[in-house]
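K.L.:
Using the sequences and the hints, build the whole thing.
Chains as they are written, first to last, in the numbering used here: chain F, 1 to 672; chain G, 1001 to 1289; chain P, 2001 to 2309.
Quick caveat, the hints were computed from the structure, so don't treat them as lab data. Predicted model, so just to flag it, every value in this text is computed and none were measured. Check the hints yourself; a few may be wrong.
[Claimed, not checked] In silico contact screen, one side only, chain F against chain G (beta carbon under 10 Å); selected entries:
no., residue
1, 372
2, 396
3, 399
4, 428
5, 429
6, 432
7, 433
8, 435
9, 437
10, 439
11, 501
No residue lacks a Cβ here, since even glycine has one placed at the ideal position from N, Cα and C.
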Amino acid sequence: MTDALSFDNLGVAYRVKGKMRQVLDGVSLSIAKGEAYGLVGESGCGKSTTAFAALRYLPRNGSVNRGRILIDGQDIGLLSPTDLRHLRQFKVSMIYQDPGRALNPSLPIGRQVAEVFELAGVPRAEWPARTHDILAKVQISDPALVMQRYPHQLSGGMQQRVAIAMAIASNPTLLVLDEPTTGLDATVEAEVLDLIQHLRHELSTAILFISHNLAVIARMCDRVGVLYAGRLVEEARTEEIFRNPRHPYTAGLLRCLPQAGRSKDKAMLATIPGFLPGPGTKITGCVFAPRCALADQTCRTVEPELLRTDDRASKCHYPDRINELDHISNAAPVAAAVRNSKTILQVDGLAKSFGSGTQRQRVLRDVGLELRAGETLGLVGESGSGKTTLARCILGLLQPDQGSSLRFAGEALAGTTALRSRHQVKSIQIVFQNPDSALNRAHTVYRMLSRTIGHLVGLRGAAREARIKSLASAVRLTERHLSAVPSQLSGGLKQRVAIARAFASDPQVLICDEPTSALDVSVQAAILNLLAELQATKQVSYILISHDLGVVRYLSDRIAVMYLGQMLEIGPAEAVFSGPHHPYTAALLSSVPTLDGASTERVKLTGALPSTANLPKGCVFHTRCPRKIPGLCDHDAPPQVKLADGHVLMCHLAPEELPAADRNIPPTITLP
Amino acid sequence: MTDLPTPVEAAAPEHGWRDDLRRLRGSVSFVVGAVIVLFWVGCAVFGQSLVPFDPFADDLMNSLMPPSSEHWFGTDQLGRDVFSRVIVGARDILTVAPIATLLSTILGTALGLTMGYFGGLIDEVSSRLVDAVLALPTVIVALLALTALGTSTFTVLVVIAFSFAPIIARTVRSAVLSEVSLDYVAAAELRRENTLYILFIEILPNVMPPILVETTVRLGYAIFTVATLSFIGFGIQPPSPDWGLSISANYGLIGGGFWWAVLFDCLAIASLVVGINLVADGMESTLND
Amino acid sequence: MMLALLTLWLLSVLIFLGGHLLPGNVGRAMLGPLADQAAVDVLNHEMGTDRPLLVQYLDWIAGFLTGDLGQSYAYRSPVAPFLMTALLNSAKLAAVAFVLVVPLGILGGVVAALYRGRAADRILSVVGLSATVVPEFVSGIVLILIFGIWLRWFPISATWVDGAGPLTQLYHLILPAIPLVLILFGYIARMARAGMIEALDADYTRTAVLKGLSYPKVIWRHVLRNALLPTISVIATQTVYLIGGLVVIEILFHYQGIGSLIYTAAKKKDFPMLQAGVMSIGALFALTTFLADLLYARLNPRIRFGGRE
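P.N.:
Following this line, the structure appears as structure tokens:
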């Protein structure tokens, strides 16, 4: 039987400023009919190029300069324009990362979906019925209504369903998915993945699934390929590759992930030192050698072959020595920060609304929390839950509504930075999510640090210079980095600069707003280690905002769960994760895909996130709660349920009725 | 500690104005435009001492002579050498227009920064005023003001400055709006920086590229406007050899076949404005990527 | 709508104040320095120019709303009939220019975008840019020289004999319309090109191509509609530039339109005429912008239908 897709020694190059840069180099892989193949790798490794090459859709400056791409046995490089259109119409479909932008904003959904039937030669009279059916197939509950809608009127999850409907309508041989759930909330991501899984079994389509998220790949795919610097470095069956990697890069990626049982107190995360070589860099020997702890003279001079044994392959000279890596990279944690019961920050009845009248958005309602000295409080919740607004209110960047109370070290905090004392402003700082936005691109690193130290802390002359030096070395920036502007630094280095700036004023409370969401996992591990280390040495309390539960669990001592601007649950990290916990927490935890591919019964949420301008009565979560008690939850505000160790949640269920986790979150995987 | 020291980055790209200049030199539009503009600036500064004839000297015996080896561009009604007048004619317009543009840039940048940063009522009110000014073509505004205040070069300058400032303000405002939403501004607030520092030291450097482009485009339109006003008698006044003025004085003669009295002035104006806009075009495509 | 009215009101204040920047003596200005003071006072009283500024403003704006545009100082007769004739004439000239330039500009922009980075694009860009920045009187004179005097294809005056038919009128208006076309072409083409490129690079266009749609269908259904929306507002705001150009063109081609009316009024310091002329231009601009906004909203589903439910 011919393969659905096969790359035969594929090379793709981009012409940049007159120079050819090799982005894919000798990639060979094949996907059998009906098989799901996952391609993982960090940013810049050539994942998306692979996806678009499969549809012969490269940017204007890109071209296939080596090898062949076969779809269903046909060399697509040889197709005429008409045949290429036929291929796209009937054989290959694609699902994209950003569904909102993949749909035409000025055509109704029905019209866009029907286009697929038009191309397939379906008589015009049948288009509406067929469109209706295909939308029903992707589990859209009211297809007739959705057909009349425009893309901007649908939620991200719905938009992706529509995109999936368009892709499967022609019943293609191959479906290419390029990061289809990146950017979606965890619960929505889980729904979309469920749907793809379900359709796959129904349609027997082959799948090329591209993602940076190892757990998503583990859940969705039969076989996995790992891309590094445009080369396929390892390929194996999913359960094999995660249990028993045979390439140091794969092993490194797995170790970087924060996992259950690992926390800042027990062990540091492993990291992969060094950087991905830039595209077009001339490399002799193994591409991974400069970053590999196993590398020797052979690795640096002789490029290894992609050796296939049985049903797996590894592009490494020493695939059997992966175990040795263990001894090299398992480090003990730095001494933990001293945590005591002294409350450093106290928030009570915090509310924040925007607008007025019927347009009034109540983004935060009656939020209370206390942060103790030296601890990390993890803040989780889907987008729109008010996490970032809460952070900005605490910082004094947003003025909270009347009646809110913020206290720092026992003293009341004013609503804005201008009204706070210098000491208060110094003491509460933030590491922003995206360093590209947080660092002024016109200023050098030195200038950013020296201004903060000079203006906010008030140090001058030699004292300031000494302070800059010690800060830079604390985040491991060199002298040379100080004279750079942000555009000359990599994402990880930029985040280090942002962290250095945040620590410049010796804060006692540091808010970390998704500090690693813009970074690759290997860089993320280094940043998390740095944050843990700095917390221990500087005795600072963190409020950590993250959608990544692995990250939250690694760094947090306590966890608060937010939903629609309210705190639903707060308690010690272990207790919140293992339960009994709030039904919303249960849903959030169960939506995280597992690395071992084991599927547990997922707690499904129904309906969309209500608007903050029109909050549900009673419990805010009742519209989507699987445990809703009719007549009670939709009418009365839930009482506080107090469990052990200061674990508190807001729910009508009795403590013994509350759900508990039936698996480890994030999952444990056995590493070699 | 396994978190190895971060190695030095791979070759970092150049940055700063040196790099911008290097990239600008690679732009054909920019280079061609710059050569034209520099030529006219040279004429404006040194023209008087280089030209073969005194551009103001009448020679009624030789009026309206066609182009010849002696008078390359012929002579006008009063027998003055057209070539000399065209060269020296660059002077007044290249004085008035740049000063007016500079004023409008300063005004417009200050206004745009304020509108974009503060937003709210200040922005609303200013935006309406800007809209109101922009509802009228500059030439019409100038006619109204010059009629009320009397014709003078100073009035022309002020009118252009005030009617271009809103356009620059609008450009600056929209650039500032996208900057204000960035976190480095919040970071500055968390350092207790004052507003002026945030506006001029944090935000301004990042909105310079669009300001530079807009200023260059405005310079082109300032020349456009001054020339037009001179042509209709409200701009630069006689006896200046200004191009617009010369055209105005001589265009009645073209019906009689004396085309040289106006055509060269026309080409001079056209080349200068096109040159400036080529510079702007080159800057825009270079600085915006 | 409210915004357009607010802008218009602000404009009226600016124009009125503009006309009174020098609180000088209108009667004296008209009769000259040698005239008898009593005669000046009588004239000032007759015209109402001796009243307080606010009263004059309210009177002026009230008159404007009821169609009474005041008395011309120069002609000692109502302004309205002059203004109406001038507006009608200018509308004819503007219409000819618009009918020519809108399709040409859009076509130019679309072609440039489709051949992005190639010769056609560069040529269109440079030609469009150059045409846009050369003053109308310069291109006008060059056109008169070439087509009016050397080739004798078109008349060099836009004024036709009374009772001329529409075709004769059109014939007279072609040459004066071309400088206006040149000025607007670059603007419209540039906007259309930018809109097209944004749409061509958009993810939804990629979706359409990867569905297997043919290139013409991708352009027609998915690109053009999204690309040309922003161009609508540009075309509206460009009317202003067009009117600015009318002053020079109408002088150059001896045409009795709003531009030459304002120019003559300015020369004669005929403030009522001048203010009425300028105000009518402002009103016209506000109206066009308002209509363009309506059209834009009508064609843009994001505005037509609110956000997600």
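K.L.:
Hint numbers the structure violates, sorted upward?
P.N.:
1 and 3
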